[in-house]
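Working from the sequences, and respecting the hints, build out all of it.
Residue strings, one per chain:
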Amino acid sequence: MTATGTAGEQLVIKGLHVAVEGQEILKGVDLTIGRGEIHALMGPNGSGKSTLGYAIMGHPNYEVTAGSIELVTADGTRHDVLAMEPDERARVGIFLAFQRPMSIPGVRLAEFLRHSVTNVRNPDRKEGEELMPMREFRSELKAKMGELSMDSEFAKRYVNDGFSGGEMKRAEILQLAMLRPKFAILDETDSGLDADAVRLASESIARIGGAEMGILIITHHEQLLEHNIPLRTHVMLGGRIVESGGPELAAELHKKGYERIRATYPEAAAAERALEQTAVPVGA
Amino acid sequence: MTTAVAPPASTPFTRDLLELMIRGSAAPDWSSDLRREAVARLAALGLPNRRDENWMRTDLRLFKPAGWSFRPAPAAGAALPVGLLTAGSTALAEDFDGIPAEAVAPAALAGRFAALDGHVVVDEIAPELAAQGVVFGSADRLLAERPDAFRPHWFSVIDSGCDWFAALHAAFHRASAVLYVPPRVRVTTPFHVLSALSDGGLDTGHVLVVLGEGAEATVLTETAGGGASGNGGLHCGGTEIVVGQSAFLRMVNLQNWNTGVWHFARQKAVVHAGGRLQWTLGALGSRLSQVAQDVALVGRNADAQVNGVMFTEGRQQLVYNTLQHHEAPACKSDLLYKGALQDRSRLVWRGMIKVDKAAQKTDGYQRNDNLMLSKESRADSIPGLEIEADDVRCTHGATSGRVDTDQIFYAQARGLTADEAARLVVAGFFQQVFDRITIAPVREALARAIGQRIRRIS
Ligand SMILES: Nc1ncnc2c1ncn2[C@@H]1O[C@H](COP(=O)(O)OP(=O)(O)O)[C@@H](O)[C@H]1O
Ligand SMILES: [Mg+2]
Chain L
874 MTATGTAGEQ LVIKGLHVAV EGQEILKGVD LTIGRGEIHA LMGPNGSGKS
924 TLGYAIMGHP NYEVTAGSIE LVTADGTRHD VLAMEPDERA RVGIFLAFQR
974 PMSIPGVRLA EFLRHSVTNV RNPDRKEGEE LMPMREFRSE LKAKMGELSM
1024 DSEFAKRYVN DGFSGGEMKR AEILQLAMLR PKFAILDETD SGLDADAVRL
1074 ASESIARIGG AEMGILIITH HEQLLEHNIP LRTHVMLGGR IVESGGPELA
1124 AELHKKGYER IRATYPEAAA AERALEQTAV PVGA
Chain R
126 MTTAVAPPAS TPFTRDLLEL MIRGSAAPDW SSDLRREAVA RLAALGLPNR
176 RDENWMRTDL RLFKPAGWSF RPAPAAGAAL PVGLLTAGST ALAEDFDGIP
226 AEAVAPAALA GRFAALDGHV VVDEIAPELA AQGVVFGSAD RLLAERPDAF
276 RPHWFSVIDS GCDWFAALHA AFHRASAVLY VPPRVRVTTP FHVLSALSDG
326 GLDTGHVLVV LGEGAEATVL TETAGGGASG NGGLHCGGTE IVVGQSAFLR
376 MVNLQNWNTG VWHFARQKAV VHAGGRLQWT LGALGSRLSQ VAQDVALVGR
426 NADAQVNGVM FTEGRQQLVY NTLQHHEAPA CKSDLLYKGA LQDRSRLVWR
476 GMIKVDKAAQ KTDGYQRNDN LMLSKESRAD SIPGLEIEAD DVRCTHGATS
526 GRVDTDQIFY AQARGLTADE AARLVVAGFF QQVFDRITIA PVREALARAI
576 GQRIRRIS
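Chains as they are written, first to last, in my numbering: chain L, 874 to 1157; chain R, 126 to 583.
Rather than coming from a laboratory, the hints here were simulated on the basis of the structure. Fair warning: there could be bad hints in the mix.
What the hints assert, rightly or not - List time: in silico EDC-like cross-link candidates among lysine to aspartate or glutamate, alpha-carbon distance up to 16 Å:
hint	chain 1	residue 1	chain 2	residue 2
1	L	K1029	L	E1040
2	L	K1015	L	E1026
3	L	K1055	L	E961
4	R	K486	R	E513
5	L	K999	R	D544
6	L	K1029	R	D560
So, in structure tokens, the structure goes:
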């Protein structure tokens, strides 16, 4: 891997409003992540963290009603992410590790990933063109699985089908490792993992990310951040990032919860309460 | 039951035509007499109508019995439509374990038979198998040579009087193929039977497969050709299968006519004690299909696994009536049909597990899953159980649904295009039935063909 040209590359989100089924969830989010930076995103359940991830990735049910998401390359060229299909976003180097990954019965993880890796590495590939050679793919996959202490048999299982919560999260990390995106959103990648597995995940993410990746870590816990010290920690409440700070902010939230935040930002707290009353809980 | 209404006006399938056919054939007299009985029944039958439960969901309004006739023999060297199973065998895919995918290479076949428009054009058997007593090829020739092997079964397995198409087939079958594998002979390479049509042609081929005690064989039958629209062809066929005691047969029927072809087929297998049958139906083609697929388990511990893979599009309409008939104790039958439907196509499966009083310890299962790829497609699943024994385990299930948009999004988020994602999700849907088909080239040909047909999911 080379570091040339990564400096200065940014994912820039401005004034983002997102509605789901006609209801506004995100109410103006601003966030800029540079490659090589780690940002943590915290906030109570239902505050809109996953919604932000879906909107960045382009889920069709999450409608962007205002604002912009741009990928700004080192030379200053701005790419309009919102104009891209989800797969085009993946091909320009954006990755979302799902809080609740979908299962695709009958499709082996290895086969899925071979398509995935081929497309992401050759963004101009037309459908039907050759996939990455099996031999090459297989040895790379086996090596990566080894690094993540995963049994290579795992790749023969159907994508997330019958996986435990922990297995799903590890499969997401494996995909992150294989795809090496420029920007990754890790949505509660630590939930469902036991303490040892979280430590391993934390180390793996640090190793995969290095100085190459801009990472937004959505988490409720400190352990995942152990090896991934965030440059900034952001707090989301009622669909807005209300406060950003350094490690001391993360520490405070872990110790004391969100009461001070709610008290300091009564408007966002009111939005949170309003959402709680109308919103349908999603896949909880 | 089919009610006899007035015979269809001006059908070309007359006694006179039949006598003409018999005069031109080398088949033995006993088989000609069976034809004459069938033509008498045919004359008394009308086309099936919607009062008959088996035909209730089949739209025959545009089917006209007049206007069909046998084409003259094709000129030597006439192009033969290529079957799916023998096509594309050069693309050697490789799976995750690095095992190269097999393909049906013509050289590796135990025997080859092909008919075009009701004329035999290929008729070959590997000499070393013939030397072991295996008999394979054109029925006209072999019924006379080996009446001991075929006469007891020829048109005794399927019911040739149950409806107009069955009677038509029994009277006018032509360019038929037979296979006999003697006791304890195990043939590891497949036999291949191709039925082909030119645009507007007529095929009435019959297939009889008889496995002696402890014998083993694999038979791949497939159809190809016909016209893509209008009355692009008529297939009125029949398949009879006899699996002897402790014998093992893998049978594949792959229907891949072009979309103008009318396809009517009556297929039945009888499995004797300890015999095993793995029977796979693949259906991709035809304008309208009506298929009866019956399995009779007549000896203790007989075992039948039935697999169905259907993909329909356009205005195709495919109707399947299946029967798993447990006549003997301690037998097992396991049916899994999976269908994916695109455009305005329609798929009907009506299944029945019938357990006779004597068939205690029966283990019967039937399941039909359908995946709708468009809002206009329609699938009907009608499972049924008829159980007279009291110590049995019989279950059935059916599902029908649409492609999950969250699955597509997940795959897109990993860089697959929406089309690629759809193809993968549909392939995954079929994987469960592919996992049961132990013949790799059949799995691959079906997967490839289905993959090529899937368009954007709506
Ligand atoms: N697909 C959806 N359908 C309906 N409501 C949704 C959907 N996705 C999110 N929401 C609502 O949006 C709000 C934010 O949810 P989410 O982004 O999942 O929060 P977080 O990830 O911070 O817990 C919640 O009130 C939730 O009910
Ligand atoms: Mg969430």
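Going down the list of hints, with the structure as the test:
| no. | hint | verdict |
| --- | --- | --- |
| 1 | K1029(L) with E1040(L) | holds (13 Å) |
| 2 | K1015(L) with E1026(L) | holds (10 Å) |
| 3 | K1055(L) with E961(L) | holds (13 Å) |
| 4 | K486(R) with E513(R) | holds (12 Å) |
| 5 | K999(L) with D544(R) | holds (11 Å) |
| 6 | K1029(L) with D560(R) | holds (13 Å) |
No hint from the list above goes unmet by this structure.
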